[in-house]
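**Student:** Below, each chain spelled out in residue letters.
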Amino acid sequence: MAPADIAPGAPIVELRNIVKRFGSVEALSGVSLTVRKGEVLGLLGDNGAGKSTLVKTLAGVHDPDGGEVLVKGRRVSPWTPLAARNAGIETVFQDRALAPQHSIVTNIFMGREITNALGLIRVRKQTDEANRLMREIGFTSKVFNPDSTVGHLSGGERQGVAIARALYNNADVIVLDEPTTALSLTETQKVFRFVRAVKDSGRTVVFIGHNIYHVWDIADRFFVIDRGRMAFEGDKAAFTGADHLIGMMQQLAETGRADTATLRKSA
Amino acid sequence: MTTAPAQTAAVDKRGTPGFWRMFYRRNGRALNAFVTFVLVWAFFAANNPTLFLIPAYYNAFLFSVPATIIMTTALVFVIVSGELDLAFPSVIGAAGGLFMTLVISGVPILPAAALTMLGGAALGTAIGAIVVYGKISSLVATLGLNFFIVGIVNLLAQGKNIESRESVSTFGYAFFTGKWDIFGLQVPNHFLIAVVWTVLCYVLFRYHRFGIRVQMVGDNPDSARQMGIDIDRIRVGVFVWSGLAAALCGVILVQTANMVWFPTSGKAYLLIALAALFVGGTPTWGGVGTIWGAFFGALTVTLIPSGAVGAGFAGFWTDFIFGLVIILTMVAHRFGGARAR
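Protein chains in written order, with the working numbering: chain Z, 363 to 629; chain B, 1201 to 1541.
It is possible that some hints are incorrect.
Chain Z stretches covered by chain B per the calculated footprint, using a threshold of three residues with CB under 8 Å from any CB of chain B [to be verified]:
{"hint": "1", "region": "456–464"}
{"hint": "2", "region": "474–486"}
{"hint": "3", "region": "509–515"}
Please keep in mind that the hints were generated in silico from the structure rather than gathered at the bench.
For every residue, glycine included, the Cβ atom is placed at its ideal position computed from N, Cα and C.
Model the full structure from these sequences, guided by the hints.
**Tutor:** This is the structure in structure tokens:
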């Protein structure tokens, strides 16, 4: 189980006034993002809005040029991939970082194999752990087991492997970067099932997506980024429906700002 | 034609793979290599059964096969990591020269062998570092290094052999080349060393963190890097392992030649070991490979020249049969295991 040292709904990760520059380009110009424990936060934005920079900042790949990162109220600096991981944030990148010719269990333990003092793999332990992680997100089937080859799995199932891997080490926050891009409807449903299981285990999910309908289906709260700045955010209840959110994003794309007055005040 | 509703489209029609199917999935390449060896043997034996059923016929085979086994099993790591090592023949030669230099300067055979293997590992480290940190294609880099190292060895040796026939009677020599007589079949110690080495490689490849990471790096280097694997270190590591194996080969070759080292020692193994590797079922694309397959591949390519003659083919058939076996096994491996992407 995920550690439960902070209450559901309380901030677990806070990015404050994050600035990130690449040469003369300012990808993020003062973004503040709060991720609350137990929620599924949908992160939306057009291409080039700063979405991937924000994801990579969450993952620790980018150490911001300005602003600060707080995890469970404590400032973490320097902010590196290892620091993010140690703070309980696991990121599943778009390409999922899998080795397709190898088994599910080998992929789950890629780079952090369970070994004895001689460096020999503890096969039984790894298989048991893999089974546990796969069961935890409902990633089970009569067709495959931890020894199945990842290359023989479907796109959604591969996402399941990556998500199961992210759960190892009891991560508090799972960041999913475009997990449903290029997936069929059925496969997308599979991924949603995994994400809901992760949420039900008390963990927090940040879900980044292109397809607004996908994000609408899965997220509790939305954060829209535009030109390196937060454009608007709101709980699901603040919108009348997916079309409301899409309308606001279209407005944002056309006029550069969205009319937040249409949002309902959340309770 | 009726349109199937989305629900039925989602039903998974793949069956649960049974034990044997899983076993074949995991070991198919090694099994293919084993079957290849048996078929090649059976083909030769059928032409001359009386000869091929005499145990003593295999004495020369067991005497010459160990170096190929040791080199081929070590090269599995290199190929699986996605690299290529064409410099190992020069390391075999250099190691043999170093070993004999140590022996004639009075170092007993076993410590000299140990020092030589350290030297081989050091040379492997240097080769690996040049390839990896120099960011050069390993095909080109090791091709050049092979000539370079052979050149240095020739310059140092001035084209002369080094020999120490008096050490033939020592314990160290017996340790490497002593024979066990089993029903008329003479099993030399260095064949047993090759078997132990193969087991070591197998455990390292399949059950050790290093071997698993070699496979990860070869399968998808970007993934391996993202998951925190130091891929440069792994890549250098495979060259260290190859250097270590080449040094052991160098030591064995000198001893099987009655403690005489030739500056050309090792040169013949380049194509033999690579052919054995691919006949053994390790694919060229990296990420997967098989140690036992390499073992059987080494047996197969060593059997072909002598076996063809034993079966009554004239000597000039050897290359033809050799080529035929390589091509046919490549086709068989294609059917046995397409690449999973």
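**Student:** For every hint, state whether the structure bears it out.
**Tutor:** Consistency of the hints with the structure:
1. Coverage of the region 456–464 of chain Z by chain B holds in this model, with 8 residues showing a Cβ closer than 8 Å to a Cβ of that chain against a need of three.
2. With 8 residues having a beta carbon nearer than 8 Å to a beta carbon of chain B, the region 474–486 of chain Z meets the requirement of three or more and the stated coverage holds.
3. Closer than 8 Å: that is the beta-carbon criterion, and the region 509–515 of chain Z has 6 residues meeting it against chain B, so the requirement of 3 holds.
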